Amino acid sequence: MKTSFDRIVRAALAAAVVAIWPLSGQAWEPSKTVEFIVPAGTGGGADQMARAIQGIVAKHNLMKESMVVVNRSGGSGAEGFLDVKGSEGNPHKIIITLSNLFTTPLATGVPFNWRDLTPVKMMALDNFVLWVNAETPYKTPKEYVAAVKKAGAKNMKMGGTGAKQEDQIITAAIEQLTGAKWTYIPIKGGGAVAVQLVGKHIDSSVNNPIEAVAHWRGGKLRPLCVFNDNRMPYEEKLTGDLSWNSIPTCKQAGLDVSYMMLRGIFMPGGVTADQVQYYVGVLRKVQETPEWKDLMAKGAFDTTSLEGKEYADWVAREEARHVTLMKGAGFIAGQ
Amino acid sequence: MSERSAERPAFRYRTAELAVAGLLFVLGAVVIFDSVRLGAKWGEDGPQTGYFPFYLGCLICAASAINLWQALRIRGEKNRTFVEVGQLKLVLSVLIPSAAFAALIGWLGIYVAAILYVGFFMRWLGRYAWWKLIAVALGNSTFFYLIFEVWFKIPLPKGPIEMLLGLD
Amino acid sequence: MDEIQSLLQGFAIALTFTNLALMFVGIVLGVIIGVLPGLGGANGVAILLPLTFSMAQTPGGQTSAIILLSCIYWGALFGGAITSILFNIPGEPWSVATTFDGYPLAQKGRAGHALTAAFTSSFVGALIAVIVITFLSPIIASFALEFGPAEFFSVYLLTFCAFVGMSKEPPFKTIAAMMLGFALAAVGTDPVTGTLRLTFGSLRLLTGFDFLIAVIGLFGIGEILLTLEEGLAFKGASAKLNLRAVIETWKELPRYWLTSLRSAAVGCFMGIVPGGATPASFMSYGVARRFSKDGDKFGTGQIEGVVAPETAAHAAGTSALLPMLTLGVPGSPTAAVLLGGLLIWGLQPGPLLFVEQKDFVWGLIASMYLGNIAGLIVVLTCVPLFAAILRIPFSVIAPIIIVICAIGAYTVNNALFDVWMMVVFGIAGYFFKKLSYPLAPLVLAIVLGDRAEASFRQAILGSQGDMGVFFSNGLVGSITSLALFLLFLPLITLVLARLRRG
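Residue numbers (the working numbering), protein chains in the order written: chain X, 1 to 335; chain L, 1001 to 1168; chain G, 2001 to 2502.
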């Protein structure tokens, strides 16, 4: 008897919910804890952003159910992506991406493509800056590239995080454009790359702003240009008269290379528009908080934020670009 | 099972040595094989991907070959009992349920699998009263559920039963 | 002295009621995290990071937040030793070397002594490291800048040479085991070219073999299987259950002051470079075994064999915070998460942090003193409690341990496959141990293998194939020479002895 009673109550409740729905404007909401997948290890950039979002959501009560961050770094993030790919229709799972959204399937041949996922929202873009040691004479990327060419192929060292990932792709892009040739040295961790540059074990790096800013302010490193189409908007003075805004774009400085890394949120495939809209709403609220704005300024992020079709188009364009760049550099699996 | 049959050797040292050294030799060969496929030379700018693994594989094979040879020379009295039948039974009586436990995690989730496993272990090897083992098994899983899911917010694998209870 | 004044100011900041309460909460959480394998310090800190988010927005809150997180870290450093000693299962990577003598001690019924020695040495190591941080931070920070790929390789080589070379096991079995460890470390993505190797098309193998899973299986599961042969009981259940063991051990410990100092030096060096707490503990154990007059007895349950790795691990874990604060280079996965925390709270680690955020930095340093004292008190009072775990009947505790191991293996990568690997490693551990294939070099090879290879190849890439890079300056040259000297030391002593006789 109990079960049938249960059923009646549930049906009544469901009817009530449907009745209230249009009134309150409340569409879908999570009914249990949301898993926030990070396809990278703890402590990295993607992990930091995911945990910041988690912290902001908790602090401002932006979601009724809680959110847990799960690191699935296996196979350069392949495990994280495959987990989400395999959770089709599950609205209680979201994932934050970094460049391995493109590079991992291309470089390893893992059967995965971003089209297996549902794009939710681009949160920000990571900037990359070309850095040299402050004791070197180079003031512009042109001077530096000329010096690299003059030194001869592979005689200068470019350091970066990981192999065949964003840092090496930017290096390859510069090489393909200018004909200069570096020895690329993969080092674990962006902070370590910056320190290797301070210690003169490498000649340059394409560190994210936040990884190298302390050494810039300490007078050890010099930024040459930012791989963005526009200058960074942050005008707070960091060292002397200089701010992030003082750094020219690489294009302005005569090196026509632009690269930014996606910090975007995706859901599994096969979810409803309502469910996507829910997360878009939550993430919009996250972006409005002072904490988020602070995080963006500290990390000198590009705050471009796209949704819906624009976002998907952006990802498709970026994927095509990665294919071209990685093909040119010989980074594709089975090539 | 009589006392004597329990003390009978299940297998001797020679067999065990041969098996392990042989297995390592095969592993070494596999490593060599894949390293050669990837390129195991000292390239223009340092060692190639397979360079170190290639020599590692060679060393594993060489050392295992010597170990194999030495194992073959174990004869007579030196060929002691590696494990007695009774001991092996004990070891397997833990190993097999443990493997089953690992397999069950995928189906039932870690908490339910742990309840079954702990309960089974206590009943089978400890002959505890039912109420005791139910208390310990349930208590154990509840404790871990609280630690991981509730306090530390680490989702562990869960199965249909948690789904029914609305705990996932 | 400026430092002392700043430090006193730091104590004033750290010594509030809230901060002291946070310290104890952090330590207790940390010990729990440290006890459970897999749920490592990095995980624990990462999980609490979002909680500290609102904390850090209040005035002085950043200091409270870092005190909470760093105390979790200290707690984890302390807690890692507990399961190593009681069950031969390292709760954290850096407590692997603690099992070598800690577990035999527990088997002899001296679990309480081993735990006390481990906790006290941890404290001593941390204390020395904090003193070094307090007074020498500016000099040391620039020292870390000297370390490029070649220097890192020489440090790994030194770790390795300090540890091996004195194995009592058959030499060809040692070689086979060690090389197997290196081969396992090589599985997955090549760190330099990104090429996949030894994966045979398997997605599961892309990540390679995690050190912790191998250790949980080889040591923990393997040990349980071995124990079974001798009946359904853990040895050492007769451990004393009172604080007398603490006093007795304390009386014994001053004897090992030289080992403590040496281990602390090794630990500080490895923390600052940063080479990591796990290699530090192995290196320190190896060095202690060579230079102790009881060196032959290492591995059979020597207090000194617990003192050496624990002092070094804690010293390294503590001093690893220095390159994190001054250079933004995390010395361990946990430090990486703490670094992320600082960035999220809006603090920028780097040379200027000590100038611009004086209160924060000195509050943190003061909390290192206080946190470790709090930690020592917490864990020492629990020694009888921990030792009592051994009295729980085998058929109750063994399955629970295996469940804990499975959870630990799973949480490393959140992958079920790893639980299976753990069982396989367990079977391997059982056979290896019985056939006297040494496990320690195997494990060390898994820990150091990929790092050593990566830094070797980075160095060679940089020098364009010239091996001379490992002797190219005074620093790298002397470390490499020291490593080679240690490697050939047994051979040299042998030859000298022959010559003398001849």
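Simulated from the structure, these hints should not be mistaken for lab results.
None of these values were measured; they are calculated from a predicted model.
Yeah, the Cβ is synthetic: ideal placement off N, Cα and C, and Gly gets one too.
Among the hints, erroneous ones may be present.
[What the hints assert, rightly or not] Lysine to any residue pairs mimicking SDA-like chemistry, simulated, CA-CA at most 20 Å apart:
1) X:K309 / X:T289
2) X:K139 / X:R284
3) X:K32 / L:G1043
4) L:K1132 / G:A2233
5) G:K2434 / L:N1079
6) X:K293 / G:Q2057
7) X:K93 / L:R1123
8) G:K2293 / G:P2490
[Unchecked claim] To list a few chain G residues with every Cβ distance to chain X over 12 Å, as calculated:
9) V2028
10) N2242
11) K2433
12) L2489
Return the numbers of the hints above that this structure violates; sort them in rising order.
-> Violated hints: 1, 2, 3, 7; rest satisfied.
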